[in-house]
Amino acid sequence: MNETCRVVAASVRAFDCAYARYTSEPFALGQMLAVREGRYLTFGVVTGSESGPDDPSRPLVPRGDPGQSAAAVMAGNPEIELLLRTTLEVAICGHVDREVARPVLPPMPPPLLAEVHAASDEEKVRIADEGRFLVPLLANPAADDAVVAAAIREVARAAGPEGRPFLVAAGKELARLLKAEPSRLTSILRAVEP
Amino acid sequence: MSDTNTDPARPLGVVVGGSLTKGLEVRLDPGQTAQLGQYAKTEVEGGLSLLGMVTDITLKSVDSGPTVWPPGEADTPLLREVLQDTGVYTALAVDPYLQLGENGEEPARARRLPSHFSAVHPADQDTLDRAFATDGPSIPVGAPLGMDELEVGVDFERLFERSAGVFGKSGTGKSVLVLHLLDAMLTRSAAAPTNSERTVALVFDMHNDYGWEMKFQGPTTSRLRSLKQRHATDAELYTLESGAARSDGQILIGTRDIQPDDLEVLRETLDLSDLAIDAAHACRRRFGPGWIDEILADEPSSAVVDKLWRREPPEGDVNWSQVGAQMGYPGSLESLRRRMERLTRREFVRTEGSQFGDVIEHIVRSLQGGKSVIVQFGRFGNDLTSYMLVANMLSRRIWERYRDRTERSQEREAPNRLVIVIEEAHKFVDRSLAGQSIFGQIARELRKFNVTLLVIDQRPSQIDPEVLSQIGTKFTLQLDSDNDVDALVGNVAGRSGLRQVIAALESKRQALVFGHALPMPVVVQTPEATNADSARASLRARLGLPEREETSPAAALFGAPAPPGDGP
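Note that the protein sequences, when read in sequence, are chains D and V.
Last residue of the first sequence: 194 (the numbering used here), numbering continuous.
Last residue of the second sequence: 568 (the numbering used here), numbering continuous.
Any given hint could turn out to be false.
[Stated by the list, open to error] Straight-line Cα separation of at most 16 Å, EDC-like style, residue types lysine to aspartate or glutamate; simulated pairs:
{"id": "1", "chain 1": "D", "residue 1": "K172", "chain 2": "D", "residue 2": "E193"}
{"id": "2", "chain 1": "D", "residue 1": "K172", "chain 2": "V", "residue 2": "D85"}
{"id": "3", "chain 1": "D", "residue 1": "K172", "chain 2": "V", "residue 2": "E151"}
{"id": "4", "chain 1": "D", "residue 1": "K179", "chain 2": "V", "residue 2": "D129"}
{"id": "5", "chain 1": "V", "residue 1": "K60", "chain 2": "V", "residue 2": "D29"}
{"id": "6", "chain 1": "D", "residue 1": "K179", "chain 2": "V", "residue 2": "E161"}
{"id": "7", "chain 1": "D", "residue 1": "K172", "chain 2": "V", "residue 2": "D29"}
{"id": "8", "chain 1": "D", "residue 1": "K172", "chain 2": "V", "residue 2": "D63"}
[Unchecked claim] Listed next, the stretches of chain V that the computed footprint assigns to chain D, with coverage defined by at least 3 CB atoms under 8 Å from CB atoms of chain D:
{"id": "9", "region": "53–67"}
{"id": "10", "region": "79–91"}
FYI, nobody ran anything at the bench for these hints, they're computed from the structure.
All values derive from a computational prediction rather than experimental measurement.
Yeah, the Cβ is synthetic: ideal placement off N, Cα and C, and Gly gets one too.
Whenever a hint applies, use it, and build me the whole structure from the sequences.
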């Protein structure tokens, strides 16, 4: 996926980012993203992803012959891609201030139109800080169980051999945060390690 | 638990609640383990350390969630792992006992509480040394639970200045522990400059454990050198059997030596009724010191008849029924006669004479001369009547000698300290006998006459509570009955915790030691039964004595051999 994604709306809790056009392989749900511009490096987790026409009053009409793949239909109708766009919703879960990773909300939103990238494995592990990144993440209503589970899984994978200890530490952090919601805790942890 | 954390640098957990009277609640850190009886320390304000003992371990949940929605068998291991120490956790109950200062102040009873979230660590040797520091020598009693490399000692002087007890069910290691204590006593006493400074033991050795050798079931050693082998010149061995090997003398009792008071403790074993005891007193009053010989005769002697019917003797031959009726004990005298016949059938009881005076004289001379005396019962060890008769008679008379000497003497002439060692103590000092038994009296009088007890027993609940309360230091091995445990912890501070600790003791070589000689209770792995010289060297070091080279009997007689090449 070589398309550039940029911040199109931002607050200190969340930002929206969009590709210049439609992409069939955007950043995944729960993936940790980085905005490396502005005074602070801002990190967030994808909580939503949407593709559709730029103009809601002009909905996409189904095209293509029976048995034709989506890619083939797109290739046969290149004008359609110009009218479509993929946008993402991102919940902010931490920032880096003068090289210090902090799993808390940044003092200011990321700059509009700043490029959005996938966070590196090292960045993911630093920001996740043994599960503390779950505090700002869970504070965001958009971060549902699937998002939280996917985010934890993603960081565990990035941690490599330290993945299991991270899972346990993040799980304990989650248990503290969700002590009033044991059933939610259970369902998230079941989703983390099915 | 063998993997109990004893690394003082690694915290066991943090204080999350508690009180001085009910103990501290410590939340165990993830991955940590602890066990009942383990020592733990924490810091309190003013640079003080608080030393306590783990007296309970409980599983708790933060709220009802994890217990309402517990992870099932099919759940991922992660869920269980996460809930540990978050939704659920392990809590330690730690009873704080001592407050330790940094600058060598005396340990004091814990009077302050640590703040919330104070780290709790396993105690280290330095802390234990400060807590159990003694002014004089101490006897090592083993390693605190889970701290195999550490060692705790009890204050030698305080241990024997009041009565002590070793309690535990059969096979828990009572005898080996007692041998260890007596070995320490004799080792220390041998180094005392004068006899009056020596502490000596009078051991009533029911099962032939403390004389020449102790036989026991152990992993390596089946015979342990006992006191006579270890302290040949400081211990004397008496037996009830004639011709016993290695004996320094035989205990003989003449029928004239037995007083009605001596029969009081035999009520149960001889099945003597109150009336039979009264009859014995009446016989002693009427017939004099030879009363037993008189009533053992087939027919009443003329002397008996004369004493009972001074003016009007009955016509014809007088029989014992008539004597009993005349004395006011028609059936009881017959009953007493039968029991006296049974009693005097024993090899060591001699009729028509007094034998005991010489024995007593000899034993007292040995004891006050600084030697310990072991009375071995040989084949009479399984005969409780013999054991109780001899132990009671000897102890009563020796105690009277000590009492007389103490009352007559100036302080500098007071007799040395005597510790009387009795087994099956509850038979001597149960609720009905404690008033009459000499042992009840010795326990109650504390150290007034320089005589104390070391009691060994399996059923402490049967011992008179007043006597038990006078036992200063208690070594408690595993006990089965709740009544026995309750009797021992009695009104001791923190008794509910101690009860839990005793209940969790292992079946062998694990003891809770508490009372007069220790500043706080301690659960120890008691010393192993061994003949090893290294153990003896360690004991001497702990007792504050220099290492002594063992002298072989040949070397003692002929001197040490000259080193090679040192000849003419």
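Hints, one by one, checked against the model:
The suggested pairing of K172 (chain D) with E193 (chain D) holds, with an alpha-carbon distance near 14 Å, which does not exceed 16 Å. Between K172 (chain D) and D85 (chain V) the CA atoms are separated by roughly 8 Å; this keeps the pair inside 16 Å, and the hint holds. The hinted pair formed by K172 (chain D) and E151 (chain V) fails the criterion: a straight-line CA distance of about 39 Å is larger than 16 Å. With a C-alpha separation of about 44 Å, the suggested pairing of K179 (chain D) with D129 (chain V) is violated against the 16 Å cut-off.
In summary, the hint linking K60 (chain V) to D29 (chain V) is supported, as the alpha carbons are separated by about 13 Å, within the 16 Å threshold. For the given pair, K179 (chain D) sits about 58 Å from E161 (chain V) by alpha-carbon distance, which is inconsistent with the 16 Å threshold. Proposed proximity of K172 (chain D) and D29 (chain V) is supported: the alpha carbons are some 13 Å apart, at most 16 Å. Taken as a hint, the K172 (chain D) and D63 (chain V) pair is honoured in the structure, with Cα atoms around 15 Å apart against an allowance of 16 Å.
Coverage of the region 53–67 of chain V by chain D holds [criterion: at least 3 residues with CB-CB distance below 8 Å; count 4]. Requiring three or more residues with a Cβ within less than 8 Å of a Cβ of chain D, the coverage given for the region 79–91 of chain V holds, as 7 such residues are present.
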